[in-house]
Amino acid sequence: MNGTHSASGSHDPQTPVKTPVKVIDRVDPDADILLELARGNAAALAQLMDRHLAAIKSAAWHMLGDEMMAEDIAQEVFLRAWKQAPNWQPGQAKFSTWLHRVAKNLCYDRLRKKKEIYPDTVPDMVDDSPQAAQTLEMRQNHNVQKSRIETALAELPERQRMAITLCHYRELSQIEAADIMEIGVRAYESLLARARKNLREQLQNHKSELLES
Amino acid sequence: MSQMNQIRVQELINAYGADSNRWPESERQAGQAWLAEHEMDAKADARKLLADAEVLDQMLGTISRPISDTSLLQARIMKAAQGTAQDGGVSIQTANDSVPMPAKLASWKSVAATLILTTGIGFGIGQAAAADTSYASAEALLSISMQSDYDEVDLYGDGQ
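Residue numbers (the working numbering), protein chains in the order written: chain Z, 17 to 229; chain C, 2 to 161.
Isolated chain Z (complex conformation):
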């Protein structure tokens, strides 16, 4: 495990492999914890979770839109951190970046599996039929709004959704977010622009309704 490697399930040889080798010259704020973690110190694992668990779970939730799945992802991320801590090589990526990368790849895997199992199902798809409209009327207005926006987010390609999650919900800097996504800053910016354009298009018809509620 080191900063230039991410943790995903599989590798597509058709796709060019990115090797964003970037030496981080600042001190990793988690360096002290990592030393203890590598020695099998449970308190260090707890400390690491105090610092990053909520953020990782939140990012996974925004990617998957599901509390239990987000918790599963967070658990897997920290178990990997625990397991592989003795192999950590400092000085390349920050450890928190590595944690987010693992979470990102696990989320992608989970989304793909979901697609394989339910290929025609989009979660909480908004239906404009009269029956669906009646159901919607029974909901609270803000729930309708949330549902539409969650649907629009769920329909984004996974990398665009991740970019929105990191920028909008995690509020990370461009450099950190691009590092997590293992792409350049310009590519990250381009993903964000495409994501926002897609969201605007999807939500265009509901704009006034959404803003009223």
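Hints may be right or wrong, so weigh each one.
Unchecked claim - Computed cross-link-like contacts, EDC-like style, restricted to lysine to aspartate or glutamate with a CA-CA straight-line distance of at most 20 Å:
| # | chain 1 | residue 1 | chain 2 | residue 2 |
| --- | --- | --- | --- | --- |
| 1 | Z | K129 | Z | E171 |
| 2 | Z | K213 | C | D88 |
| 3 | C | K80 | Z | D88 |
| 4 | C | K80 | Z | E174 |
| 5 | C | K80 | Z | E171 |
| 6 | Z | K162 | C | D58 |
| 7 | Z | K99 | C | D88 |
Simulated from the structure, these hints should not be mistaken for laboratory data.
These numbers were taken from a predicted model, which means no experiment stands behind them.
Assemble chain C onto chain Z, guided by the hints.
Quick look at chain C alone, frame taken from chain Z:
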């Protein structure tokens, strides 16, 4: 302060939204200054773009997930970690494990030495060679498993 123009301001708004706190730090000030300067400029499409982006920001804000209490999840992960050996075979140490790692290793060494002595008498040199082989196999297995972890490189190109 970086060079700013209408095109770049539009790019920033399109990518990061209306809230300049999300813009790259190196361009934030220049972008804000450009917008302030062109406040009344009807030709500057950036104002309309900014208003549209604000709407989307607002929408996204409605599903922002507040960071919830993670103590239960943390306990679950600690429990799972207790049953998971680290790479290199280190097992978890809790606060109750007051014996430092070198002392633990020393005590393990003495146990191992006793075992080797007692079993060595019965088995002889041939068994020692077999032990070497199994050690080599274990090492190879560990190496393969580590490689599979490390080969998890990014699968995706820039475009999507």
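We went through each hint and held it up to the structure:
1. Z/K129 with Z/E171: holds, 15 Å
2. Z/K213 with C/D88: violated, 44 Å
3. C/K80 with Z/D88: Answer holds: C/K80 to Z/D88 is near 14 Å, not above 20 Å.
4. C/K80 with Z/E174: violated, 31 Å
5. C/K80 with Z/E171: Not OK: C/K80 and Z/E171 at ~36 Å, beyond 20 Å, violated.
6. Z/K162 with C/D58: holds, 13 Å
7. Z/K99 with C/D88: This hinted pair holds, its Cα atoms lying about 6 Å apart.
Going down the numbered hints, you'll see the structure goes against 2, 4 and 5, while the others check out.
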